[in-house]
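Everything in the sequence shown is counted per our numbering, starting at 26 for the first residue and increasing by one.
Derived from the structure by calculation, the hints contain no laboratory data. Please note that the accuracy of each hint is not assured.
[Said to hold, decoys possible] With a straight-line cut-off of 30 Å between C-alpha atoms, the simulated DSSO-like cross-links for lysine-lysine are:
(1) K138 - K45
(2) K68 - K58
(3) K135 - K213
(4) K441 - K472
(5) K68 - K472
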Amino acid sequence: MNDKQAKELVRDTFESEFKKEKFDKFITELLKKNFDRSKALPKRSGNQAVPEKYRDFITSWERLGRYEDPEGRIIDVLIVYLKKGQSLYRSRVAQRNFVADYLRGNLGTKSLKDAALVAFVSPDEEDWRFSFVKLEYKKEDGKVKEVLSPAKRWSFLVGKNEKSHTAQSRFLELLKSDKEPSLEEIQKAFDIETITKEFFKEYRDLFIKTKLELDKIVKENPAVRKEFEDKNISTVSFAKKLLGQIVFLYFLQKKGWFGVEKGKDFGTGPRDFIRRLFNGEYISYKNFYNEVLEPLFYEALRVDRSFNDHYYDKLNCKIPFLNGGLFDPPNDFNWVDIDLLIPNELFSNEAENGILDVFDRYNFTVNEEEPLEKEVALDPELLGKIYEKLNAIREDNFDEYLKALKSSAKENEFNKEYGVYYTPREIVHYMCSESLIYYLESQLDGKVSREDLEVFVNFADLFIENEKVAQKKAENGNENTKYKYKIPESIIQNAEKIDKLLDDLKICDPAVGSGAFPVGMLHEIVKLRQLLSVYTKNNLNTYDLKRHTIENSIYGVDIDSGAIEVCKLRFWLSLVVDEESFKDIKPLPNLDYKIVRGNSLIGFPEDWRSDIGNKISELESKYFSETHPDRKKEIKKELDALILKRLENSEGVLGYKVDFDFRLFFPQVFKEKGG
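All chains, please: the whole structure from these sequences, using the hints.
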């Protein structure tokens, strides 16, 4: 198969709704002669084929065949059909565990398999998921045994609404090759790190082009130059913010929230809204940034139009009110009176190297990668990696940065010199798990052993479907069943207590960076509380549970304002992914007093006491959910006055300047936990 044929095959398979014959053809070309169709199994459904714990999610499945790689590892090819009403995203844990049970031989297939290539198909969606699911095994006494760990899944979201650029780049060489691929080569095709590195190089080039274009405009336009000088706006910070705003919209447009027709529900909008805006499908324009993006950013997304069903006349479509602060003009830039005429070619051009051209080639997902669930797409953690790479760049060292780009070694030296580091996901996950185990163990007074807590924290994903059925059977008096509790009995007996401890937990990161640790803790807390809800019946939906956790448990500070903005973005996206309402999207919370800029190393003396803690707590709680721009300003003004009054005299009284103190900014933590 040549290059052109391989690309056409990937496009034909992955840029349309699921077609079994197309998928079959792709698999045949990928796995070559060793793909054994004699091992096919016709579609299986009903109680025999789908265990009870999965019946809320899956209706049937079939096997197209079996592949044995050059090392003798077995990879089966499956199609799994989801139940109507079960989305590809929300039932992802059940999907992964279902295939894991299949690989273990628990679905009537008996023999152990190493991995599976699976098409997950939902009757409600035009897109589908192509996954690689793998279990770990080890040999003991000559026998193969499964390592006690949940299955891992790597997935492409493909279909009518998705581009196949990423899939083409990952599968092209395997399709063109005449030799049968190994399990490792197939797994490598699902590797997201390669995609992230490729995207960042293009993003970096876009940042440089945008910054240089802004330099030219500032130099040639006196009105823009005066506004930038008066408002202390640098072209570096403006370029970073502009690209950040656009990439944020690329994440959100996957929800179908933008470009919605009048009278229709959110969720029905096009998944390529930004491209359609540029193509003039909503309004005609002369300058895309000045006439389209600025009104979208600084008016449509910032103003509550719920009185008019969120319809925005200037763009002739519905646009949700997002709130949150991301789309506030930088340093109160006067976008209404100042014409900032960024050339249209910066966004899209015949060479296809504009901002939209590059972004259009990639798949974006609002779902952050988890240790067991990896989507081959750009996820919100990407924002943290961009921060790591670009945050060191300032107006005064931009030329030095351009010189450093001439060699990767010099670029690394530049980043190290300016002190920006990023913690890998695996380390973050370990830190979060260990922190939670230590916290729970210290609070439970020996009622639950550390071993039981380790099983609970590390394997919640593996057991949740089983626990739901086991609990249901127990409540109905039917305990003589194959569905036994797998979570330790001590956890079940203390479920209410553990849930309360997780609800009361306060997490304060003194060097929050781009939010890796608190975002990781958010996901862990939500996962554990959802498992506990099987026993406690505290059934909060995922969105409400996340929002409640962010409001009551998460606090962070960093000396770098760029890090703070990225951290907020990740928390907002973590909420967006679980927003279920298509009638009326909830505005994002204000995080200005949850994730704050300041030097956490220099505070007031230990014996300092605040007399305004209760007032600050009350105002911060109001500010978190306030959506009206004027009321937001009033609350912020009152809060800032209270806080600044305590900070402004610090140098004269203490002999050193204080711009942050935990007790002043986060009084609720110290009131409840004593620090």
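- Message: Checking each numbered hint in turn, tell me which of them this model violates, lowest number first.
- Response: When the structure is compared with the hints, numbers 4, 5 turn out to be violated.
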